[in-house]
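A.B. asks: One letter stands for each residue in the lines below.
Protein chains: 2
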Amino acid sequence: MIDFPFLSEICRKTDSRIVLLVVDGLGGLPHPDTGKSELETARTPNLDALASRSACGVTTPVAPGVTPGSGPGHLALFGYDPLKYVIGRGVLEALGIGVDLGPDDIAVRCNFCTLDANGVITDRRAGRIPTAESAPLVEQLARITVPGVEIIVKPVQDYRFVVVIRGEGLSGEVADTDPQRTGFEPLEPVGKSDAAVRTAKKAARFIEAARDILGGRDTANMILMRGFSKRPEWPVFGERYSLSPGAIAAYPMYRGIASLLGMNVIPTGGDFDAELDTLSKHFDERDFFFIHYKPADAAGEDGDFDAKVSTLEELDKRVPRLLDLGADVVAIAGDHSTPSSMAAHSWHPVPLLINSQHTNEGLGTAGFNERECRTGYLGSLPATSLPLLLLAHAGKLDKFGA
Amino acid sequence: MIDFPFLSEICRKTDSRIVLLVVDGLGGLPHPDTGKSELETARTPNLDALASRSACGVTTPVAPGVTPGSGPGHLALFGYDPLKYVIGRGVLEALGIGVDLGPDDIAVRCNFCTLDANGVITDRRAGRIPTAESAPLVEQLARITVPGVEIIVKPVQDYRFVVVIRGEGLSGEVADTDPQRTGFEPLEPVGKSDAAVRTAKKAARFIEAARDILGGRDTANMILMRGFSKRPEWPVFGERYSLSPGAIAAYPMYRGIASLLGMNVIPTGGDFDAELDTLSKHFDERDFFFIHYKPADAAGEDGDFDAKVSTLEELDKRVPRLLDLGADVVAIAGDHSTPSSMAAHSWHPVPLLINSQHTNEGLGTAGFNERECRTGYLGSLPATSLPLLLLAHAGKLDKFGA
Numbered sequence: 303m304i305d306f307p308f309l310s311e312i313c314r315k316t317d318s319r320i321v322l323l324v325v326d327g328l329g330g331l332p333h334p335d336t337g338k339s340e341l342e343t344a345r346t347p348n349l350d351a352l353a354s355r356s357a358c359g360v361t362t363p364v365a366p367g368v369t370p371g372s373g374p375g376h377l378a379l380f381g382y383d384p385l386k387y388v389i390g391r392g393v394l395e396a397l398g399i400g401v402d403l404g405p406d407d408i409a410v411r412c413n414f415c416t417l418d419a420n421g422v423i424t425d426r427r428a429g430r431i432p433t434a435e436s437a438p439l440v441e442q443l444a445r446i447t448v449p450g451v452e453i454i455v456k457p458v459q460d461y462r463f464v465v466v467i468r469g470e471g472l473s474g475e476v477a478d479t480d481p482q483r484t485g486f487e488p489l490e491p492v493g494k495s496d497a498a499v500r501t502a503k504k505a506a507r508f509i510e511a512a513r514d515i516l517g518g519r520d521t522a523n524m525i526l527m528r529g530f531s532k533r534p535e536w537p538v539f540g541e542r543y544s545l546s547p548g549a550i551a552a553y554p555m556y557r558g559i560a561s562l563l564g565m566n567v568i569p570t571g572g573d574f575d576a577e578l579d580t581l582s583k584h585f586d587e588r589d590f591f592f593i594h595y596k597p598a599d600a601a602g603e604d605g606d607f608d609a610k611v612s613t614l615e616e617l618d619k620r621v622p623r624l625l626d627l628g629a630d631v632v633a634i635a636g637d638h639s640t641p642s643s644m645a646a647h648s649w650h651p652v653p654l655l656i657n658s659q660h661t662n663e664g665l666g667t668a669g670f671n672e673r674e675c676r677t678g679y680l681g682s683l684p685a686t687s688l689p690l691l692l693l694a695h696a697g698k699l700d701k702f703g704a
Numbered sequence: 303m304i305d306f307p308f309l310s311e312i313c314r315k316t317d318s319r320i321v322l323l324v325v326d327g328l329g330g331l332p333h334p335d336t337g338k339s340e341l342e343t344a345r346t347p348n349l350d351a352l353a354s355r356s357a358c359g360v361t362t363p364v365a366p367g368v369t370p371g372s373g374p375g376h377l378a379l380f381g382y383d384p385l386k387y388v389i390g391r392g393v394l395e396a397l398g399i400g401v402d403l404g405p406d407d408i409a410v411r412c413n414f415c416t417l418d419a420n421g422v423i424t425d426r427r428a429g430r431i432p433t434a435e436s437a438p439l440v441e442q443l444a445r446i447t448v449p450g451v452e453i454i455v456k457p458v459q460d461y462r463f464v465v466v467i468r469g470e471g472l473s474g475e476v477a478d479t480d481p482q483r484t485g486f487e488p489l490e491p492v493g494k495s496d497a498a499v500r501t502a503k504k505a506a507r508f509i510e511a512a513r514d515i516l517g518g519r520d521t522a523n524m525i526l527m528r529g530f531s532k533r534p535e536w537p538v539f540g541e542r543y544s545l546s547p548g549a550i551a552a553y554p555m556y557r558g559i560a561s562l563l564g565m566n567v568i569p570t571g572g573d574f575d576a577e578l579d580t581l582s583k584h585f586d587e588r589d590f591f592f593i594h595y596k597p598a599d600a601a602g603e604d605g606d607f608d609a610k611v612s613t614l615e616e617l618d619k620r621v622p623r624l625l626d627l628g629a630d631v632v633a634i635a636g637d638h639s640t641p642s643s644m645a646a647h648s649w650h651p652v653p654l655l656i657n658s659q660h661t662n663e664g665l666g667t668a669g670f671n672e673r674e675c676r677t678g679y680l681g682s683l684p685a686t687s688l689p690l691l692l693l694a695h696a697g698k699l700d701k702f703g704a
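So the protein sequences, as listed, match chains W and P.
Going by the numbering used here, the first residue of the first sequence is number 303, and it counts up by one from there.
Going by the numbering used here, the first residue of the second sequence is number 303, and it counts up by one from there.
Just so you know, not all the hints are guaranteed correct.
[Stated by the list, open to error] Sample of chain W residues lacking proximity to chain P, with all beta carbon distances greater than 10 Å (derived):
1) Ser372
2) Ala437
3) Gly469
4) Gly485
5) Ser561
6) Asp630
7) Trp649
8) Glu672
9) Thr677
10) Tyr679
[Claimed, not checked] The calculated lysine-lysine pairs, modelled on DSBU-like cross-linking and capped at a C-alpha distance of 30 Å, are:
11) Lys701(P) - Lys338(W)
12) Lys386(P) - Lys386(W)
13) Lys494(W) - Lys532(W)
14) Lys532(W) - Lys456(W)
15) Lys456(P) - Lys701(P)
16) Lys583(W) - Lys386(W)
17) Lys701(P) - Lys456(W)
18) Lys338(W) - Lys619(W)
19) Lys386(P) - Lys338(P)
20) Lys494(P) - Lys583(P)
21) Lys386(P) - Lys701(P)
22) Lys386(W) - Lys315(W)
23) Lys494(W) - Lys701(P)
24) Lys494(P) - Lys532(P)
25) Lys456(P) - Lys532(W)
26) Lys503(P) - Lys532(P)
27) Lys619(W) - Lys583(W)
28) Lys315(P) - Lys386(W)
29) Lys583(W) - Lys532(W)
30) Lys532(P) - Lys386(P)
31) Lys386(W) - Lys701(P)
[Claimed, not checked] One side of the interface only, derived from the structure: several residues of chain P facing chain W at Cβ under 7 Å:
32) Pro307
33) Ser310
34) Cys313
35) Pro347
36) Ile399
37) Gly400
38) Gly485
39) Val621
40) Leu624
The set of hints was computed from the structure by calculation and includes no laboratory data.
Keep in mind that this is a model prediction, so the values were computed, not measured.
Backbone N, C-alpha and C fix where the C-beta goes; we use that ideal spot for every residue, glycine too.
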């Protein structure tokens, strides 16, 4: 929908305000014992009351059957077709830990691996060594210098870390050094263009230095580099939709995605209450806010049905505070489903509600959950449809054609 | 959805097995007296029980309002957009009678016509002469030889037959000889490229020989040739979806379509019971099976509501046998609707169910029919969405993006 061709002609600046709450991993699946999903099980009087006077539906993030990662799931909600707007793996990993990437930086997703005496990979993840063990190694790698570029090394978790190669004339078109299976030596970084050859040489220097540091160890004695990539240059969300957007997210990944789209990332605290404080404080400054609720996804990923129910009930308690701000449009969406029964992201459609002066009990559903929403006024939609619906409900879209 | 660009990156080989049962002409329309469709009228306890614990929906084969033939209807279910993957009419006719087409063969859909004394067409279908009358004529035509190519002539039904021109350097870009109306002479076959000119000359030689054989007759004294076409070269289904597919169909048309997509066509008997025997015998050999049930379509085409109800009840009795095989995913779909009230294929959405470990009573519908399925968990889908949904339910799709 980002490619709706006449968008600039019909977008209108107004004073109305939109708040989009993205509940990470919002959708779920029925518990086999009760036949009720997490949302159906949770006591959510505020969400249900809101749904009763909202336009409700379900969104498909990428395509039926396709399970999105956090990147594609969010891009879709912001109207960017995730099959067209693809974030490099290195960039996404860097965003996830809050690295501030410049336009020329090359981000690389790295991990420790274990080689045998012949230099052959015996474990691509170095026994998934815990952060306690990997952190001092990352610290040593961070001291590596490569002439002509700046090298930034940051821990992620366990055996994973990020390397950023900062300099001029670099390219992300460098092949992975991970052969994707054990029994082989790590590959050389190979560049596909002049800039990429230059970048590959810098990476090779880094790898050599890493080998010097790690080589004496029995395990985690080498590194693999994957997903060399640059921050993409995409249409700016605010320009595209004639909005002045602010993003409020406790987790760096979501701030990173927002910053890729040119949203103003507003510093906030470590949980949803802090995010609400931030929203409240900055509410008059912008006409679009993206605010992110993480705990539902985390509980779903843990496969803990009851915990996910609790996170939804906790969210519900905060809905009045969200509504009290008086936004003209309040929408609640999810980037993907995370059914507890699967303990993972999934492909299932995700509930959506849009509340505005144009919605009322005549449009609403009997509750905010998968079953009710799919029979709601909005029906089943591609997630990329959301921005235009938000603009429409906010009175920010003119008629198309006479 | 065949064009989902990152498919090879997210498809995963696993031991799980998928069985896709395509019920030809599955969908119907309510009987005017009862307001119930064929599926709603039929007693189908097994299908209904299965639907109660499945993800259900309705599929649109090509586009709303578009009635598909068997080719487009099946291609869509296999994920091939029927507007992009078009089977030549000659090829489709040849597949329908089980002709094994080589990659260089030119298949032509032919029929007998009647000319008057001036060589002008008076009946484009030669009074729809019955097979009893046409078969001996086809036999005579089959003796025609054309230098430089092999000519294969096979009867279809009534006034229709197929000619295959087998040789090298041939092309299907030859115009029809059927002027599409009476009062005109048959057209010369005209080629649009060097290879097509060569092909047209061979066809002209065949037509001349046919005129010599048939010219003395009062009716069915000439032939018309249409739909010159080669077997298309398309992405192979099994490669595309990382599956090892087997196709089981009693009717040659459906075996032909499966073979166009590179599926392994497993020889079987003449009815659905024989197909089930074949499926059972070969169940351990492959991870995807397409099995075809024809009688529903035939009864619908006959305009016989009660007969179609019976075919669905007969199918229902065999559902337990299908389920007992223990496939990880069982899906029941239709290539198109064939409402008895229309005595023809139609454009109406077609019921779909997908049963797997990820579906249960919480997702299911109260029955397997048009009305229930469209309120089901899957809602309304393009038929081309089916393969990714099957892969997802079988645990054969990785997450897209991090």
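A.B. asks: Now tell me if each hint is right for this structure.
C.D. replies: Results of checking the hints against the structure:
no. : hint                  : in the structure
1   : Ser372                : violated, 7 Å
2   : Ala437                : holds, 22 Å
3   : Gly469                : holds, 25 Å
4   : Gly485                : holds, 19 Å
5   : Ser561                : holds, 17 Å
6   : Asp630                : holds, 29 Å
7   : Trp649                : violated, 5 Å
8   : Glu672                : violated, 8 Å
9   : Thr677                : violated, 7 Å
10  : Tyr679                : holds, 14 Å
11  : Lys701(P) - Lys338(W) : holds, 25 Å
12  : Lys386(P) - Lys386(W) : holds, 20 Å
13  : Lys494(W) - Lys532(W) : holds, 15 Å
14  : Lys532(W) - Lys456(W) : holds, 17 Å
15  : Lys456(P) - Lys701(P) : violated, 49 Å
16  : Lys583(W) - Lys386(W) : violated, 35 Å
17  : Lys701(P) - Lys456(W) : holds, 25 Å
18  : Lys338(W) - Lys619(W) : holds, 21 Å
19  : Lys386(P) - Lys338(P) : violated, 35 Å
20  : Lys494(P) - Lys583(P) : violated, 48 Å
21  : Lys386(P) - Lys701(P) : holds, 27 Å
22  : Lys386(W) - Lys315(W) : holds, 27 Å
23  : Lys494(W) - Lys701(P) : holds, 27 Å
24  : Lys494(P) - Lys532(P) : holds, 15 Å
25  : Lys456(P) - Lys532(W) : violated, 61 Å
26  : Lys503(P) - Lys532(P) : holds, 17 Å
27  : Lys619(W) - Lys583(W) : holds, 20 Å
28  : Lys315(P) - Lys386(W) : holds, 26 Å
29  : Lys583(W) - Lys532(W) : violated, 34 Å
30  : Lys532(P) - Lys386(P) : holds, 16 Å
31  : Lys386(W) - Lys701(P) : holds, 16 Å
32  : Pro307                : holds, 6 Å
33  : Ser310                : violated, 14 Å
34  : Cys313                : violated, 11 Å
35  : Pro347                : violated, 20 Å
36  : Ile399                : violated, 35 Å
37  : Gly400                : violated, 33 Å
38  : Gly485                : violated, 46 Å
39  : Val621                : violated, 22 Å
40  : Leu624                : violated, 22 Å
Hint check: violations occur at hints 1, 7, 8, 9, 15, 16, 19, 20, 25, 29, 33, 34, 35, 36, 37, 38, 39 and 40; the rest are consistent with the structure.
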